[in-house]
Amino acid sequence: MSESIDYTQLEDTELVARSKDQDMQAYEELVARHRDKIYARAFSMMRNEEEALDMSQEAWVKGWQRLNQFHGQASFATWMTRITINLCLDLIRKKKRQRAESIEQLDDDLGGVERQMDVVETNPTEGLERQELRAKIDRALEQLSEAHRTAIVMHEFQQLEYKEIAKRMNCSIGTVMSRLFYARQRLASLLAGLKKKDEF
Amino acid sequence: MELETQLSIQALIDDELSDAKKREVEQLIATDADAKALHTELSNTVGALREGEMERKLPESREFFWSKIADEIELSERREARAQAKPVAAIAWWKKLLLPVGAAAALVLAFTVFQTEGPQVVRPIGDNLGVESVADTELELPESLIFDMYQEDATVIWLNSETDVN
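As given, the protein sequences belong to chains P and A, one line each in that order.
The numbering of the first sequence is this note's numbering, which starts it at -4 and goes up by one.
The numbering of the second sequence is this note's numbering, which starts it at 186 and goes up by one.
The set of hints was computed from the structure by calculation and includes no laboratory data.
Careful: at least some of the hints might be erroneous.
[Claimed, not checked] Pairwise CB distance ranges (calculated):
#	chain 1	residue 1	chain 2	residue 2	range
1	P	E6	A	D219	47 to 57 Å
2	P	D49	A	M186	41 to 51 Å
3	P	E44	A	K221	18 to 28 Å
4	P	N81	A	E236	37 to 47 Å
[As the list claims (entries may be wrong)] Taking lysine to aspartate or glutamate pairs in the EDC-like style, the calculated list, with each CA pair at most 20 Å apart, reads:
#	chain 1	residue 1	chain 2	residue 2
5	A	K253	A	E265
6	P	K162	A	D200
7	A	K253	P	E45
Quick caveat: nothing in here was measured; it's all calculated off a predicted structure.
Beta carbons are placed, not taken as given, at the ideal position from N, Cα and C, and that holds for glycine.
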């Protein structure tokens, strides 16, 4: 019966409903539709192709297993990116533990630097094309620590509130604010630096 | 500028302030040049980030990527089914074990009962004497026997001479 269905024509909500009824073809179509976005989010967090691939694959498997927990409050893509972020956070924490470092200590280590940074008064991204801007931000994100990058990704790309980020990163709201602040100042500085470098 | 003030300016941009605090920070930005500069910088950065993250293509074909996901789903479902089946399998195993053990126990019990009660043969001595029953041990005589003779209105007490009365 399912052979006659053109899955590419169905809305996400219909595909999700069919997937909940164990229709693997419907789920395959959802994967095909959103796999690049999920991979991009995993890459933003991990900054590593292999890990981003593993995380996105695992996210899709988890997505299938937890479909009954999805009730459509957010879009399916948003729900999937949240699963991806959680998996990436788990991996980051695991890696941190293996390196015998605490992700919570990063702010203490960088606290002094935060207060020393100069304010970048000119807009370093002014006049840039969208793709060019994204590429510059991507290069700047690469240079942030995992904790600061994670805070930026969750706040700016996932549009999570301070409270939600704190819950996911297992830290206080104050720490989230501090991480975001440092990350933004560092990004402003990096983007200004990148602009200068490109001008030569 | 205090870090707390800097964080408040950021919170204003992120729309995380209460109305009262919002008015207070807006007032500060309007009157303080440093606060205004920081607000501009943070707004520019946030504005740039709102353009979104770098688009990336997953570096594997649709078929290959899906086959890995489908395999993993199948594997995890099999694992789950095995995990769920485990208690049932354990019960089945116990049932299998219970049958021979139960049978053996029944045999042992029957044998024990037979060993204890088997050699004692109860025979009627004679109806004319009104004797109801007497335990006649062919292998070992009892130490004493007591029975009533209803017709004679008497009670017979029989003692084994080999019994040590002391």
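Consistency of the hints with the structure:
1. E6(P) - D219(A): 47 to 57 Å: holds (51 Å)
2. D49(P) - M186(A): 41 to 51 Å: holds (43 Å)
3. E44(P) - K221(A): 18 to 28 Å: violated (42 Å)
4. N81(P) - E236(A): 37 to 47 Å: violated (25 Å)
5. K253(A) - E265(A): With a Cα-Cα distance of about 18 Å, the restraint between K253(A) and E265(A) holds, given a limit of 20 Å.
6. K162(P) - D200(A): Holds, at roughly 19 Å.
7. K253(A) - E45(P): holds (14 Å)
When each numbered hint is compared with the structure, violations occur for hints 3, 4.
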